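First to last, the sequence lines map onto chains B and A. To convert, note that position 355 of the first sequence is 357 in my numbering; the numbers rise steadily by one, no gaps. To convert, note that position 175 of the second sequence is 177 in my numbering; the numbers rise steadily by one, no gaps.
Honestly, I wouldn't trust all of these hints.
Identical chains share a label here; the pair holds if one copy fits it or two copies do between them.
[What the hints assert, rightly or not] Think about it this way: if two alpha-carbon atoms lie no more than 25 Å apart in a straight line, the pair counts; the simulated SDA-like pairs of lysine to any residue are: (1) LYS255 x HIS116; (2) LYS29 x SER48; (3) LYS39 x LEU286; (4) LYS329 x GLU55; (5) LYS255 x SER37; (6) LYS39 x GLU294; (7) LYS12 x SER48; (8) LYS63 x LYS200; (9) LYS383 x ASP38; (10) LYS54 x GLU135; (11) LYS255 x GLU135.
Read the hints as simulated data drawn from the structure, not as lab findings. Predicted, not measured: the structure shown is a model, and the values here were computed from it.
2 protein chains.
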Amino acid sequence: MFPKFKRTEKIIYFDHAAATPLDREVKKALEPFLSDKFGNPSLLYSKGREAKEAVESSRAKIAELIGARPSGIIFTAGGSESVNLAIFGVMRACLPPACPVGRAGRESRGKLSHLITSAIEHHCVINSFKALEGEGHRTTFIDVDGEGFINLDKLKKSIRPETILISIMYANNEVGTIEPIAEIGKWLKAENEKRKAKNLPKILFHTDACQAAGFLDLNVNRLGVDLMSVNGSKIYGPKQSGFLYVRDGVKIKPLIYGGGQERNLRSGTENVPGIVGLAKALELAQKDRLLENKHLIELRDYFIKKILTNISQASLNGPAVSSKDEKRRLPNNINLTFQGVEGEALMLYLDSYGICVATGSACATEEGDPSHVLLALGKSKKEALSSIRITLGKQNTKQEVDWSVGIITAVVKELRKTAK
Amino acid sequence: MFPKFKRTEKIIYFDHAAATPLDREVKKALEPFLSDKFGNPSLLYSKGREAKEAVESSRAKIAELIGARPSGIIFTAGGSESVNLAIFGVMRACLPPACPVGRAGRESRGKLSHLITSAIEHHCVINSFKALEGEGHRTTFIDVDGEGFINLDKLKKSIRPETILISIMYANNEVGTIEPIAEIGKWLKAENEKRKAKNLPKILFHTDACQAAGFLDLNVNRLGVDLMSVNGSKIYGPKQSGFLYVRDGVKIKPLIYGGGQERNLRSGTENVPGIVGLAKALELAQKDRLLENKHLIELRDYFIKKILTNISQASLNGPAVSSKDEKRRLPNNINLTFQGVEGEALMLYLDSYGICVATGSACATEEGDPSHVLLALGKSKKEALSSIRITLGKQNTKQEVDWSVGIITAVVKELRKTAK
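Bound-form chain B, shown alone (with noise of 0.2 Å):
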């Protein structure tokens, strides 16, 4: 019934914006703390240093790289600790010594109580979002419009005097828009100034970084953020590893108390590989990136081309990518929907022809609800479960694609013909 393709040998990876494989040189530069260096950093004796000084030069790397001091680089085990420790730690470090109770706690709780951020962030911070939702705190979901970009007049309309944070992630990881943040944190900054004046709170800036850290400037002063996430396992880095840029004189409390590692806002003893892989993967991610977004933009413009040219009533869904402006979809998205076609049964059958696709984003899949990212981009509940995402990374070539077309176009055929 269905074309009678051979399996490739080689699995056809196309998401990784869910995972990507660990880069040769950061397995290399991670090794020998998997082994012969795998002494506590906190310890004092040369064990210890060795690891200690490898937790430091890397945070020393990772700084230069995003244009701030080793002091504001907090390691986290990943990119949903990092927006966690983001958005809780600004909320609790603002908040009285928590749980006031009360009049007094009453008051200062609504001087201090409100946040923003947008329809279509990753479910890191919008469950987060929703938890302060449910300790009684007041948020502010803002719009985007039909690709994808946040309506920033409503944001600015949407901020109050108890305002103390915004967090807008910096690209979409199901359709690749890229956010204006610099933007964001120049009127930010301005509107701070105004603030001040006022004598009312500051709002801090937070981005979720974790699927722009592969492609776009990271620098934290031109962003003019307060507050960033990243994790290295979407930038050929290790799995668990990531970090929080938290800029100076910002008061975060933490997510997790002990030995006071990080100062004292991450204890815990120290992932010394992950950290060393964390550091070498931004390294190369950001030491490459320009060439990298080169070829990747050309193969995703030719395979979206490829894709609309031979299957009708099919879409790409988010930035227009004719517009040669590269800054507004990251390098390596793909997100399309194909009319009458279940975008499960899709991923599926490519599947068992060894070609690795994405519905929605990865930490929704189980739950089977239509993408929330794709609803907020106006596409109806049926046409966001008619969709896919593929995710180009740097080994995949025009060979793959070649090939990969072909199937999707034929299996798109058969499952348009089944579901009549």
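Add chain A to chain B, keeping to what the hints say.
Leaving out everything else, chain A in the frame of chain B:
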């Protein structure tokens, strides 16, 4: 001036309570997940499923080793996170939608806000308790006797109608005292029956088993615990790997919100190599522990005897070892006070001869404070600062002990001379 011992070729590592090298079999088990098998376990395609299967078979293996159901194992990024998840998780789940304000809030908080621990816990417990105190909750720290055993009478008397959690460590990281967890569990079970009749909330029982997991029985039913924390980096597994056991029916709230991994209790892409390595490490530790313990106890007692024979004004801290009772002190722990010797100086000199020992616990060393554990055992500040911790591992030999005792004896003698 100081004895002219030649450094050994190989470092003699006596700090296994701070960090253990990765076991060769563990490394072998996790390595495929650092290369080919890099998929994100949340994805439904084959590359995701192979990662998912590795996570789930690791979960099943660990569950079997501790007598639990797989759904009771929540993977975390290390021991401190596991402990924090237990303590904050229970606390936030017991509170009505957090931060209650006004009379109703005050009343419900009054009913549900007391927790108990011991004075000699790891900082991840102590500092979590202190953070909760800062939020207005009430805590009790139970004292210990001169050997580090918890005062059971006081523990029993300290519970209140509003008590919701008791957290007692299974074995102490500094002096090796093994606390009577099963006895507490048994008493608490009976106590909870009485409370049920009185319509009082159940008191949950958590144990920090991070130092115990390599040596002791971890069966959660024999121990009678509702929650148990274990990490990998103390049992020859990967750093920042760990889990929290949560008994069926026990409600906790997450520390980290996001994609809903780990039954919504620990979001973030799973650390597949870390999880696979943790399961393998726990399997090896529990399989070999009785044989391993025998070897370690022999070596430990030989070490202690030789030190106390060779060096005057030296004493062992923690449980006596002459009693032949193997259930009182961790098989690998030695903690010694040398009067008139600064522990840190001794540690640094030993390091210069290639011997790694610790002062106090790893996580508190940067501060230079005397160990809170030794103070709780009744030692003076001066005695506490004159102490070192030696924790043996499966690679250590009698030859290493002989060689080290010679150096320790000479260095102690020299340090005492200079101190005069």
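To see whether the hints hold, each was checked on the structure:
1. When the C-alpha separation of LYS255 and HIS116 is checked against a cutoff of 25 Å, the pair qualifies both within a copy, at 17 Å, and between copies, at 22 Å.
2. Taking the closest pair of Cα atoms, LYS29 and SER48 come within 25 Å of each other both inside a single copy (24 Å) and across two copies (24 Å).
3. Taking the closest pair of Cα atoms, LYS39 and LEU286 come within 25 Å of each other both inside a single copy (23 Å) and across two copies (22 Å).
4. When the C-alpha separation of LYS329 and GLU55 is checked against a cutoff of 25 Å, the pair qualifies neither within a copy, at 37 Å, nor between copies, at 39 Å.
5. Within a single copy, LYS255 and SER37 get their C-alpha atoms no closer than 34 Å, and across copies no closer than 36 Å, so neither meets the 25 Å cut-off.
6. In this assembly of identical chains, LYS39 and GLU294 lie within 25 Å of each other by CA distance solely across copies; the values are 24 Å between and 33 Å within a copy.
7. Taking the closest pair of Cα atoms, LYS12 and SER48 come within 25 Å of each other only across two copies (13 Å); inside a single copy the shortest separation is 45 Å, beyond that limit.
8. For the identical chains of this complex, LYS63 and LYS200 are neighbours neither inside a copy (39 Å) nor across copies (59 Å), given an alpha-carbon limit of 25 Å.
9. For a Cα distance limit of 25 Å, the shortest separation of LYS383 from ASP38 qualifies neither inside one copy, at 53 Å, nor across copies, at 35 Å.
10. With identical chains, the CA atoms of LYS54 and GLU135 are never at most 25 Å apart, being 39 Å at best within one copy and 32 Å at best between copies.
11. For the identical chains of this complex, LYS255 and GLU135 are neighbours both inside a copy (18 Å) and across copies (15 Å), given an alpha-carbon limit of 25 Å.
Comparing the model with each numbered hint stated earlier shows that hints 4, 5, 8, 9 and 10 do not hold.
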